[in-house]
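Protein chains: 4
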Amino acid sequence: MSKNYDVKDLGLAREGKLKIEWSDKQMQVLSIIKDRFKKEKPLKGLTIAACLHVTSETANLLITLKAGGATVVTNASNPLSTQDSVAASLVKDYDIPCFAIKGEDSKTYYKHLNTVLDYKPQITMDDGGDLIHLLHTKRQNQLKDILGSSEETTTGVIRLKAMEKDKALKVPVIAVNDSDTKHLFDNRYGTGQSTIDGVIRATNVLLAGKNVVIAGYGWCSKGIAMRAKGMGSNVIVTEVDYVKALEAAMDGFRVMKMIEAVKIGDIFISATGDKHVIGIAEMRLMKDGAIIANSGHFDIEIDMASLEKVKNKKRTIRNSLDEYLMPNGKKLYVLGEGRLVNLAAAEGHPAEVMDMSFANQALAAEYFVKNKGKLENKVYVLPKALDQKVARLKLKAMDISIDTLTPEQKIYLSSWDEGTK
Amino acid sequence: MSKNYDVKDLGLAREGKLKIEWSDKQMQVLSIIKDRFKKEKPLKGLTIAACLHVTSETANLLITLKAGGATVVTNASNPLSTQDSVAASLVKDYDIPCFAIKGEDSKTYYKHLNTVLDYKPQITMDDGGDLIHLLHTKRQNQLKDILGSSEETTTGVIRLKAMEKDKALKVPVIAVNDSDTKHLFDNRYGTGQSTIDGVIRATNVLLAGKNVVIAGYGWCSKGIAMRAKGMGSNVIVTEVDYVKALEAAMDGFRVMKMIEAVKIGDIFISATGDKHVIGIAEMRLMKDGAIIANSGHFDIEIDMASLEKVKNKKRTIRNSLDEYLMPNGKKLYVLGEGRLVNLAAAEGHPAEVMDMSFANQALAAEYFVKNKGKLENKVYVLPKALDQKVARLKLKAMDISIDTLTPEQKIYLSSWDEGTK
Amino acid sequence: MSKNYDVKDLGLAREGKLKIEWSDKQMQVLSIIKDRFKKEKPLKGLTIAACLHVTSETANLLITLKAGGATVVTNASNPLSTQDSVAASLVKDYDIPCFAIKGEDSKTYYKHLNTVLDYKPQITMDDGGDLIHLLHTKRQNQLKDILGSSEETTTGVIRLKAMEKDKALKVPVIAVNDSDTKHLFDNRYGTGQSTIDGVIRATNVLLAGKNVVIAGYGWCSKGIAMRAKGMGSNVIVTEVDYVKALEAAMDGFRVMKMIEAVKIGDIFISATGDKHVIGIAEMRLMKDGAIIANSGHFDIEIDMASLEKVKNKKRTIRNSLDEYLMPNGKKLYVLGEGRLVNLAAAEGHPAEVMDMSFANQALAAEYFVKNKGKLENKVYVLPKALDQKVARLKLKAMDISIDTLTPEQKIYLSSWDEGTK
Amino acid sequence: MSKNYDVKDLGLAREGKLKIEWSDKQMQVLSIIKDRFKKEKPLKGLTIAACLHVTSETANLLITLKAGGATVVTNASNPLSTQDSVAASLVKDYDIPCFAIKGEDSKTYYKHLNTVLDYKPQITMDDGGDLIHLLHTKRQNQLKDILGSSEETTTGVIRLKAMEKDKALKVPVIAVNDSDTKHLFDNRYGTGQSTIDGVIRATNVLLAGKNVVIAGYGWCSKGIAMRAKGMGSNVIVTEVDYVKALEAAMDGFRVMKMIEAVKIGDIFISATGDKHVIGIAEMRLMKDGAIIANSGHFDIEIDMASLEKVKNKKRTIRNSLDEYLMPNGKKLYVLGEGRLVNLAAAEGHPAEVMDMSFANQALAAEYFVKNKGKLENKVYVLPKALDQKVARLKLKAMDISIDTLTPEQKIYLSSWDEGTK
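Chains as they are written, first to last, in this note's numbering: chain A, 48 to 468; chain B, 48 to 468; chain C, 48 to 468; chain D, 48 to 468.
Chain A on its own, in the form it takes in the complex (with noise of 0.2 Å):
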């Protein structure tokens, strides 16, 4: 068992190992680089600072990682979406340092992103950019012994290729999330799912009938809009693109701004990346009864400093819902603290989902060692081979089989001397 640690409870490690255990049982992609890890020791030698949020999912990833060689260890990239279970079980089962207790606070998460760092590793990965942030800012003399940092989500690679742009990025980063299997599928059917679960858990309102106002119309935001109206809600959707708020339209929802939804909306959910898109403004104007919910990664998207300054009253009425009470009279309920809903009132993405995101980060922290001294500091994305690679073994757990090119196909589709007949 690992000494280093700070969980909540390691009591809870048998509940944690079980969730490692039936989400295994869904990563079947992660679990075959696993055993050739075991085999081929690609890691070997290596220290892997991992900030991510601490699931049972991300277990499997650490252990693959581990099992490869590597000495792994691990913080929480968010305050509230740590299960305690599985960081007990990480500790106690896997003998993997981890730093992350459910609802820690600001000072406590930040001293973790530090515990890690002191770990000397070569190898981060992040879910937001907190450890490279840290390393660029506070850490700059770690910054020599980084080999590459791997970078989970949207809002964190939008964040790195400002660096990126202002020559401000210091070490090689692959954009895990855009590799093809991660956000076509992680942002989309994952996001999509996990959101609409964490509004049903947080409320139990009935979802059919409802006005859901989604704000953008990214792969996440797309994912939750194909969800709601999968549980018949009718959509409206808010855009800042007018190539997306097309889109939008010929998918059959409503587009319109956000200051007109807000009049008619039931719930209200963001994926933006973006900044105070539910606004103090907005709020004023919701009907009483209002769900307002964030689904992106930072807690700005919807403004909750202003929102806790103008508020008469606030108290919580069930898990991860709060009823606020505005001077107008109405009543306004926030999930989650304005914090991602798939976390904060529910588990996350499936592991399905996560298992061709985290086998996408296992195979990225194996490039940065077969690519040592090649790259650049700057934003990489994965080759479309190992793409290709994860979506085949994932058709395999499937156990779905699809054609192959012919030899005659192959060259038909290299050639340009075949037209109309």
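These are computed hints drawn from the structure, not numbers from a lab. Check the hints yourself; a few may be wrong.
Since the list gives no way to pick out one identical chain from another, each pair is judged satisfied if it fits inside one copy or across any two copies.
[To be verified] In the DSS-like style, the derived pairs of lysine-lysine whose C-alpha atoms are separated by at most 25 Å in a straight line are:
id : residue 1 : residue 2
1  : 208       : 154
2  : 431       : 212
3  : 360       : 425
4  : 310       : 425
5  : 113       : 191
6  : 310       : 86
Dock chains B, C and D against the given chain A, drawing on the hints supplied.
Then chains B, C and D, alone, in the frame of chain A:
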């Protein structure tokens, strides 16, 4: 506070009261009826025994009946569906005798059934027909006191119609289930959402891309099929009725025999009202990892008895998720011990649909009083005008206005002499 | 070749025969009945007058009736729905007297109605009730000859029930429309697809992203709403029935008054069975470019008379597409002169659904013979066993096998003494 | 009136003009560009040869280019897609030389290709790359005159990228297809709707309940799958790309090898851009009555040559519907001779999507002029700002307003130092 009760812990009352209030906010039709009942006291002097799922929505029905002047007493219609906090609050905050403990054993269950009948009710309410059954078998002397009994669910109505056909029915019954504003909504939108919710809470598996086999294509199973499709599953339907099977096929679902479906299904949900729909022969053919749930009223749709007998090993993985190691080495996963998955693993129907179902229940109680002495020992449906009324109030709560027929249109619809010009 | 006929051009018979054969290939239930009729001749000696849409599907019904031994004569139930090539082939290839010309004027239409009644039928078949209406008004002396009359459509059934209520009905009627295998399929899947087909053929506009307003949420309009949604439209429903309106809202559609919908709708489709659902006041408020179609049986759902009166100018843009310049300068586009758009602008219901509807028609004719003298002058529905039979044959044609109840299950379903264990 | 033309019948011009005007009413983005071109004349002095489907939508593009000052000449990019009335109107009403006759044979097709190049164009527009191919093979001396060439379709772009890779490309090319406002809309919503339309017009079969097999899961095939599902079909997808196959599975479709799908499919639609996707081995295994259509650009996705060879008998049943009697006694039905079904059996993409595609074409022509001398012989995509512009104009035409970023939000999105609080 009621002195007569059997609940888990009165200390849970505060949590229960918040739940009841939260449901009340979504139950605007019942709320309007409650306000009228308060003034009119149509149930004055009556005792009503309600054997329903003891949830926050039911609490609001009971509170409404009490507001109408009745003495109300309740027990649970299903051992697994009780919300202990709600039971506590009913006793402590609303002075309603309640006999229900989540997970109570069969003996306690039957004791509670008898206890509520000891209150000498004039009206009984069932969800599955257990009170009415007890009255007709072991407590026949009380039958003469009964003004009428209302039944909430399809399964119970099937049972009552069998009794009516056999001339065994000795009291007037209202099949609340057969009101349009009940079965078209509760069974479809309510069961649909809450069953999916139960499956996700118990397993956290991704529904997208899964083969979900749904037994039955009645209102409940239609709702489940619709929602599973809405979550991205590939839905397979099994049926014994040719018309319903054809409807499922035309709705784009695969339709096949269960014995074929078991070979390819990832998740099985039975909602037929029938027995042993998923038998042990079927379970032996399932894939490793198959997940099995019941959404029918009684816990006999899945042949749990045989499964317990043939299994090599059993362990609990998560709440409501049991792993059965089969003699063939495969692992099957049963949710909520084969009981109603939306109650065992989730919170039952959302308040918005129970609002309409329970509005019908409240109106049924009033109907028994108003029609005292006029009803035969038959299974009745509430008049269509009450259905229209419930729907009208619900639309109002949703802020939706609709058209009304013009005098000219009314004449046209009742005439038969205007044709192709 | 029949000597009595009034069709456009017998030279079209070859094209018509190919159409009839193509439909026959999709009408496998009717085909099985035809084979049985050939052997059993249940309709021997009878004359049947069929006032139906003269399409290739109807042709196969008529051929089936003739195979059963009947003398068959037909005219069109709608001036715009006749397929002239089919009419020609009926006369030339199948020796069935036919009186129907696409676009025939009102006078010819009524002449044809009278002509088929001149054949002294014992059974009549209606689609909208025109034969039965004529028999009850101007040809009452023939009523005594009638064994029974069957009615195909909702509109006709509404009319007949009004007659029954007024004690004005003088013959037994079978509401074929009310068979499950008719209205659950033909009205929903048939009208749904063919209405969308009619709108697209007439306009070639993109449905994705359009606001499509559907008047009514009965079986037909439900089908249209489902398909419009399936094509990417944002669907708005208008209703006068509270339960149906609520159902539409819970299905995720916007529900509002027509007078509100006209301001935002791009395409309007009425399918209510009622009159002036889209009146001139509504049309005056529509956007420039609005498209208006009727999918109800009679051409009075849109107030065409008033539109013709107030318009500044009218011109035909394409087949079935007329442009009306309104006094306010806006242009409105009406499809198929406000008549049934799926017949005027497309080919009516696909053969697969007519297969079941017409199987019911054929069985209704047989039912009149089998129950000669036993039927009252009421509106009957065919026995459920015939519904199951039709559905069973259809499933067989689709190569679908379903489960059957085990003896144990049969006992369970008919018993009422097995409950929660 | 142009003196140089080869069209079917100038007498059809009136019908064609109505069609062109009707399309113009749906093409509001192109209309705005046309108004600007009229004033600015950006294409003055240029000759543009457009080898596109000669439809009413294309007519509006050509009219726009002419309004911009260009001399415009056109021929058909597909022998079956020409609308003869539109061709006539182009010549007679708009003085645009046109060389296109529906059903022209291969020799005439190539003659027309050469004719338009005889006009010595500086800009060419292709839909499938036939002009560019001819320029690079038999008319290389004209290459030096070419400012640039734009390409409309995926198939053409694949061809051009193969040429670019082989260093065989001798002119700058803009892949209009690769603009977001083209392929995300035209390929998906346009091909989706019009392919379904083509299948229905050619067959009038019911799509609900049918097994529809779609080859490919690119943008076009995604659109077809989405719409087939929307019509109630049970959709099966075949693919050769693992990521796309996985996406199809996660979207709830069955995914399998074509050789398996042929055994259960009722309708087959190929849209892959590849050759012999449905080969003769596959056709031999199909069910009696199977319907086969191609929605890919070239008529080689179905191996028609082999089918013609092995068939026992062939006859035409309806427009665009040929019956093939196979040696095994089964009948297969091929739509539109295996050519693009949405053009052969329907009217091609609706004007609303062509509006955006052709807005991009018009802007591409302007881009060649503005960037004269600056472009290499490569395949370019139009700048994203033009995409946003086209989408913005389209949303305006749809009366939709969207949000804009606040200054605070802009800063946030470009910064990287704000994280979890």
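These are the hints, each one checked on the structure:
With identical chains, the CA atoms of residue 208 and residue 154 are never at most 25 Å apart, being 28 Å at best within one copy and 54 Å at best between copies. With identical chains, the CA atoms of residue 431 and residue 212 are at most 25 Å apart both within one copy (24 Å) and between copies (18 Å). Taking CA atoms no more than 25 Å apart as the test, residue 360 paired with residue 425 passes in neither setting, with 48 Å inside one copy and 52 Å between copies. Taking the shortest alpha-carbon separations for residue 310 and residue 425, neither the intra-copy value of 44 Å nor the inter-copy value of 48 Å comes in at or below 25 Å.
Proximity of residue 113 and residue 191 under a CA criterion of 25 Å is satisfied intra-copy only: 23 Å inside one chain copy versus 61 Å between copies. For the homomeric pair residue 310 and residue 86, neither the shortest alpha-carbon distance inside one copy (59 Å) nor that between copies (34 Å) is at most 25 Å.
Checked against the numbered hints listed earlier, the structure breaks hints 1, 3, 4, 6; every other hint is satisfied.
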